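> Given next are the chains, with one letter for each unit.
2 protein chains.
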Amino acid sequence: MKLEVVTIGSELLLGQIIDTNAAELGRALAGAGVEVVRHSSVADRPDAIRAAVAEALDRTGFVITTGGLGPTRDDMTKKEVAALFNKPLRLDAAVLRALEERFRRLGRAMPAVNRTQAEVPDGATVLANPRGTAPGLWVEDRGRVVVMLPGVPSEMRGLLAEEVLPRLAERSSGVVVRSRTVRTTGVAESALAERVGAIEDDIAPLTLAYLPSTEGVELRVTAWGLRADDAERRLAAATAQLRERAGEDGYGEDGTDLAAVVLEQLRARKARLVVAESCTGGLLSGRITAVPGASDVFIGGVVAYDNVLKSGTLDVRPELLDKHGAVSEQVVRAMAEGVQRQFAVDAALAVTGIAGPTGGTAEKPVGTVWLAARYGADVRALRRIFPGDRGEIRARASQAALDLLRRLIAAAP
Amino acid sequence: MKLEVVTIGSELLLGQIIDTNAAELGRALAGAGVEVVRHSSVADRPDAIRAAVAEALDRTGFVITTGGLGPTRDDMTKKEVAALFNKPLRLDAAVLRALEERFRRLGRAMPAVNRTQAEVPDGATVLANPRGTAPGLWVEDRGRVVVMLPGVPSEMRGLLAEEVLPRLAERSSGVVVRSRTVRTTGVAESALAERVGAIEDDIAPLTLAYLPSTEGVELRVTAWGLRADDAERRLAAATAQLRERAGEDGYGEDGTDLAAVVLEQLRARKARLVVAESCTGGLLSGRITAVPGASDVFIGGVVAYDNVLKSGTLDVRPELLDKHGAVSEQVVRAMAEGVQRQFAVDAALAVTGIAGPTGGTAEKPVGTVWLAARYGADVRALRRIFPGDRGEIRARASQAALDLLRRLIAAAP
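Residue numbers (the numbering used here), protein chains in the order written: chain A, 11 to 423; chain B, 11 to 423.
Since copy identity is lost for identical chains, a pair holds within one copy or between any two.
Heads up, simulated DSSO-like pairs for lysine-lysine below, C-alpha to C-alpha not over 30 Å straight-line: (1) K12 - K89; (2) K333 - K280; (3) K374 - K333; (4) K97 - K12.
Because the hints were derived from the structure by calculation, they are not lab data.
Quick caveat, the model's predicted, so the values are computed rather than measured.
With the sequences and hints as input, model every part of the structure.
Below is the structure:
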């Protein structure tokens, strides 16, 4: 089954927000065996919305839209789609009651402007949206379908899972588009390609793609339009080959987060972790605590942004800071040792570096980062010079810190 | 001037990565007076790439693509665009030399696979890419233009700024599409709409849109196709009206980050800031340190994820934790006081809450967060119950913490 996605909102084309809905729809639909063959974004303009939806309908007969269902004047998706199907908008009494009830629960009177949200194209199926005021709408006529979802990501996500995917499953023909990815880090794309590229012929008709990011390079294999069991069998075999060739540089599959991998390594060893970070400024701890259930391994950390905290809280000797500078092997080792000793835990990570845009020197350019990992009495320290802007350098440093600890624990007896 | 953007990569349609390039292109082009009328994404498939680029060319005559310029087999943009223009690919000696030189500088031999990156459509202008191996390409024939940029965001960004925008400026007709936004937080979209909605008629032909996110609601006014001076004058007037109506809920304009606003408030008062965070787990410090130059105000903080750090490092009395629980007004006040006293600074923020997915109770459901801000001896504490998943709750809590301190400082004598 194939469809197109049309995301609606001038803010998308103006780049004022990043279109996460398109990615989320793509992921969920692919998982359900539905191939998104094209995604388009158009502005909040009647003619643009109507043309994009009509063209997508002509190509695939099935379109999912997001956005333009709110109560304000820039919300016009419903009107344009109704016109495309030659259906009038009518006030839906049940939707209106649900809206009024929602406002009553929040202890507020319903603003008059929200009343338009109870208008639906004649004959449309209303998809109840318990998370917001705009219901989803499923309009179908002579085999052509447009499903309209709100643009607020959490509302879109809920409606997709609860109302749209089950209906799509009923229509599915048993053929799926499925991917699996092997995640690597600490190795360049072209070096990886030389190591794994030769398998491309072996795994055909599956395709292989390389996806570099600040977290490393992902290897993605995709099965297009195969039956589910055949796709799964071929994907499993291809993934096993990729993992073998990726070796120690591979740390997981699919959405696996390196922070979750490291937490799991530590959990299995009943070890606890603390972090001392300077240039990453909380980002590394933030990544670790983004993993649900991190609290049984991660006890906390110190954001030692100023040297006052490096010496005062982490016990880094001021002479080390004076002699070698805050971005040095000596200081990063002392930070890791200090934070590990202070909180008496098994594992510790430390990061210090120059994230820019200023602060670089000829000897220590912007992007220079020292990392240290401790596991018991085992220690590794590493210097890296990361490319990119401040955000990228901080993201790469967080990932590299986690990777250093991952490799240290894996090598431990 | 109008154009379309086509982003290429199966990973985009499969939702494995979020398409940040589309947003970045939209923002940069709008700033240069170029309207992106449509954005499409297609998979790494020859027919899909060729159809999307051809249709976009038919509509606007000018297309910018990203992605599919790498050295691997899934990279096929160049070949399809060359075919669309009936131009052969030829090996460009200068590009090949630059590639070989790049590998030499990195101390490595060039893999054979990278040689294809030196092939360019006959007659194309090569846009030098100092950040990566894939150059950009500008193909132009009988008034139709396709500009191909690499998909790696930092490379795309560099080529856009240095090679594409200057060339577009030369073609510009003096008419621009410009937006300004007023950022608000701590107020609901519909409440805001009732306060500001009436200005929509006053500001026409400018349009107004409401953009809700975890950071609050942005109000965006856009001038479409006006001369630059006229657009700027009308936008300034509309923005001033919006700011007045937004009142204390408005904290800035355009891309203004609330963390930067708070850092600037503190900098003007020569005050320094520390943070004690539990449920946000480093995210709040990470947001603050994402602002370049944060180090003259922000000295660091404690990620007190485990109660051991709350009592041991932040001096929260164990009786408070036992009696009221870690997520309570008493504990958040003690955390703020403890971290402020320990580091002897003027301003402090503390956050403790239940980010979920587990850990909620009837009395303290998932999303319950206590926030405290201190400025000198002034203190404010606030309980909020945030909607959304773990990530959204943590993002909303970070924003609300910054907002609490912003309002406290603004009210200080």
